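Going down the list, the protein sequences come from chains B and H. Position one of the first sequence corresponds to residue 1 (this note's numbering), numbered consecutively onward. Position one of the second sequence corresponds to residue 1 (this note's numbering), numbered consecutively onward.
Be aware that one or more of the hints could be misleading.
[Claimed, not checked] Quick list of in silico lysine to aspartate or glutamate cross-link-like pairs, EDC-like style, CA-CA up to 16 angstroms:
1) H:166 <-> B:120
2) H:198 <-> B:126
3) B:175 <-> B:133
Calculated directly from the structure, the hints in this document are not laboratory data. Please read all numbers here as calculations on a predicted model, not as lab measurements.
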Amino acid sequence: MSSKSYKSLSDDIWKNRVDKINSEVFTLTYGSIVAQLCRDFTYAEVNTQLEKMGYNIGLRLVEEFFAKTGLGRCTSFKDTSEVISKIGFKMFLNITPTVTNWSGDGKQFSLILDDNPLTDFVELPEDNNAANELWYSNVLCGVLRGCLEMVQLDCDVYFVSDVLRGDPITEMRLKLNKFLKDEVPAGEE
Amino acid sequence: MSSKIYFVSLISKDNRPLYIQHFFPYESLDNSIDRQIDEETGVESENPVDKKKSVSEDDETSTVQDYLAKQEGIENDLSLLDGKSSSNELLKYNFLSHMALDIFESPFYDSEENTNKNLLFIQDGIAVYGYATSTGFKVVLGSSAKENISDVLYPLFRQIHRTYIKLISNPFYQQYQLEDKTGNKNGGLDEGGIDNLKFSESIKRIVTDWNSS
Chain B
1 MSSKSYKSLS
11 DDIWKNRVDK
21 INSEVFTLTY
31 GSIVAQLCRD
41 FTYAEVNTQL
51 EKMGYNIGLR
61 LVEEFFAKTG
71 LGRCTSFKDT
81 SEVISKIGFK
91 MFLNITPTVT
101 NWSGDGKQFS
111 LILDDNPLTD
121 FVELPEDNNA
131 ANELWYSNVL
141 CGVLRGCLEM
151 VQLDCDVYFV
161 SDVLRGDPIT
171 EMRLKLNKFL
181 KDEVPAGEE
Chain H
1 MSSKIYFVSL
11 ISKDNRPLYI
21 QHFFPYESLD
31 NSIDRQIDEE
41 TGVESENPVD
51 KKKSVSEDDE
61 TSTVQDYLAK
71 QEGIENDLSL
81 LDGKSSSNEL
91 LKYNFLSHMA
101 LDIFESPFYD
111 SEENTNKNLL
121 FIQDGIAVYG
131 YATSTGFKVV
141 LGSSAKENIS
151 DVLYPLFRQI
161 HRTYIKLISN
171 PFYQQYQLED
181 KTGNKNGGLD
191 EGGIDNLKFS
201 ESIKRIVTDW
211 NSS
């Protein structure tokens, strides 16, 4: 499928086939989750917890994704990146991050998010090094890792920079480690 | 119509001051009041820094010393202070805000958001307008307008309110002191004021834009 048809598919899905939630409810809910985690854990642990939460979301979200889009397997990792940015993010967050910074072997790329609905109105606390340690939207990394694992792609997903921390852009990096072979469960034939 | 806003103050629902900012050097027409205040500041400014900075719950009876001590802190931050402004003006605006609080609580104040009923009183040539929400958040503005400009001010009140909403929507901003895990009481209000630089800049920008139009 071409890039243009991805866009029209995702616009169509967003307009017609997706239930919407008020953005402030969503933002404030996620914000209160992060704020509460920050009260209970150190910032490094918060990042881990957010990633774990995202992972569990991603495992389930990917089924929803395939149900709504009806897409088949991607032909290449490049194709995967297009689907993630143009359809996946569009469907669930109504944003379209840009795919850039491909590595030479085609196994790593970056997603640049120019606006992030999770971080509306958010300012990181100025004390305690939040700006150096906390990745506020780390749940997104977990979601992507979970979704990709369900399609047999073992990836590392991590933030490289974040506007909340004072960086100029918000950038996530995806690195493909390996393809997961379908393992036959023990005891079956 | 060239009415200017002299000051903005924001007050929380239990009548604690959140933020006060002044904008325009007030040309005093009534010298007698200023002289009186001069005497007070002359006397009290001997030792302002030692006084406790926190403002008590019952604001109606807090002392002049508290105001001055607070002004010391606020004055260091205000970038709009030029040589003409003085702690007298801040004191005056503080008094006016406190007078406004009494009116908010009086039975004559209609707390529906009528656009033409915001004028609270006029004192010393400053017309004081107030805006209160049902959560108890109050905005007090003092302006130089000679006639009632309540409806013109209404969008300004709304903008200030929206800026405040953006501030409190931050999940890390704690409006009421909560204990964090080390038992310290931390948060946005430890001395009864909003510290946030971005918020301060937005309010300044909103009012200076309004003043210059």
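Checked hints:
no.: 1; hint: H:166 <-> B:120; verdict: 9 angstroms, holds
no.: 2; hint: H:198 <-> B:126; verdict: 13 angstroms, holds
no.: 3; hint: B:175 <-> B:133; verdict: 21 angstroms, violated
In the structure shown, a violation is registered for the earlier hint numbered 3 alone.
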